[in-house]
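Let the sequences and hints guide you as you build the complete structure.
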Amino acid sequence: MGVTLPIDALFAGESLRPESQILLNTVVGELQRYPNSAVLVAAHSDAGENAAQARARSFAQAQAIVRSLEATLGDSYHWVAVGYGQTEPIAPNDTAANRQRNRRIEIGIFPASEAYFE
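To convert, count from 1 in the sequence shown and add 1384; that's this note's numbering.
Think of the hints as simulated: they come from the structure by calculation, not from any bench.
Between beta-carbon pairs, the in silico distance windows are:
# : residue 1 : residue 2 : range
1 : Thr1410   : Ser1460   : 18 to 28 Å
2 : Asn1434   : Asp1459   : 32 to 42 Å
3 : Arg1451   : Asp1392   : 12 to 22 Å
4 : Ala1481   : Val1387   : 16 to 26 Å
5 : Glu1398   : Thr1479   : 19 to 29 Å
6 : Leu1407   : His1462   : 21 to 31 Å
7 : Gly1432   : Thr1388   : 15 to 25 Å
Small disclaimer: the values here were computed from a predicted structure and weren't measured. Even for Gly, the Cβ is constructed at its ideal location relative to N, Cα and C.
Here it is, written out as structure tokens:
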């Protein structure tokens, strides 16, 4: 299970916007239902910059989300941050609206069970 959030609502560059906490609080509420879970935070960009810069920026954004969630929830979760850059678009990068769709954070929750963490 997971959630997709628009990067533009969360970030100004690599820094979290102050109002991003409103969106992240909804994620916190959901994560609290699954203590000790693995949480994958994946950041994606559009094709607006070179590939190496896009990967570096998206990784920094994923790490910022992890730091924010971890500060609220603690370290009882297993956190993974991934920056995909522009490698996994969900739409063609041919219009402003499609590029905006590609700039996203995907947060996946993998509930703890003996099968996952034995």
